[in-house]
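Asks: Sequence:
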Amino acid sequence: MLLLVIPLSAAEIAQYDVEFRINEDESVHHLSRFVFVSPVSGTINYTLPSVRDIIVTDGVQPLRFTTVATGEGYVLNIFPDVPTSQIIIEYTAYDVIFRLDSIEHFFTELNFDNSVNLSASLTLPVGYTLYDDSFKPSNAEIRSDGRRIVLYWEEDNVSNALFSVKYVPPKQEFSLWLAVVAILAGSTLFIYFHFHERRKEDMLFGFRHDEKIAINYIQEKKIALQRDLEEQFKFSRAKATRIVSKLVEKGLVRKQRYGRTNKLTWLK
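Residue numbering for the sequence shown follows my numbering, beginning at 2 and increasing consecutively.
The set of hints was computed from the structure by calculation and includes no laboratory data. These numbers were taken from a predicted model, which means no experiment stands behind them.
Mimicking BS3-like on lysine-lysine, the simulated pairs with C-alpha atoms at most 25 Å apart in a straight line are:
1) 235 x 256
2) 213 x 235
3) 264 x 223
4) 213 x 247
5) 240 x 256
6) 269 x 247
7) 251 x 222
8) 264 x 240
9) 222 x 240
10) 222 x 247
11) 256 x 269
12) 256 x 213
13) 251 x 240
14) 213 x 269
15) 256 x 222
16) 264 x 247
17) 223 x 213
18) 223 x 269
19) 235 x 251
20) 235 x 264
21) 222 x 235
22) 264 x 213
23) 251 x 223
24) 240 x 223
All chains should be modelled from the sequences, with the hints used to inform the complete structure.
Replies: Pasting the structure below:
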């Protein structure tokens with residue numbers, strides 16, 4: 002179904018910003034901001050499709066408005082109390098998405114009486130994805146808010162714009178693919194940690210129990226002091242010196258003088 006937006010009459014628009022957010026129930030939340038070349042006053046008319054929950058403000062305070070039903074929707078009459086340089090219109094439109102099989106299609110056309118600078122964004126429902134990169138204009142920048150896919154456009158000096166986006170819901174095959182990826186990732190992590198631990202066991206082979214304790218401690222800390230070994234594990238100074246000397250000989254640590262003790266840096 003076509004969502005046709007006809008521009009504000011009796012006002013020259015300099016900038017038009019619009020946000021479309023498609024909800025899971027196929028309604029579309031629509032937020033438009035009109036910035037005028039010069040402040041406007043009097044009655045301003047805007048034609049809408051079949052919508053609900055209309056809100057009109059000047060960015061600071063609500064504006065008075067009335068709606069008149071027509072064959073294709075409503076005429077929105079806006080009454081600013083004082084001249085305003087912008088108007089923001091917000092509403093939710095229904096029956097504006099059509100579906101073919103599992104493909105859903107959003108389509109809207111914007112027309113202006115004069116050339117305007119335009120920025121637009123369209124946000125898909127949570128979990129939905131673009132269908133075969135089918136969207137117009139084709140220069141959209143694809144973003145994400147962490148949960149939804151967002152398309153963003155910027156155009157200068159346009160008098161009309163047509164937006165068409167096809168999208169599909171999450172599929173079971175996609176979920177299965179995610180499960181396969183998760184299994185492969187889990188297997189990869191298992192293999193990594195298994196061989197990591199195996200490598201560590203091989204490295205510790207041939208060391209005495211107290212030497213293994215010192216190795217695990219220095220490896221975890223990356224940098225430690227020899228007196229830490231003495232205090233942490235109740236090693237005598239002679240025992241700690243012997244262990245450190247062996248680790249230096251094996252190329253596992255580097256020893257540097259640090260005051261009255263030694264600084265030990267893990268090398269592996």
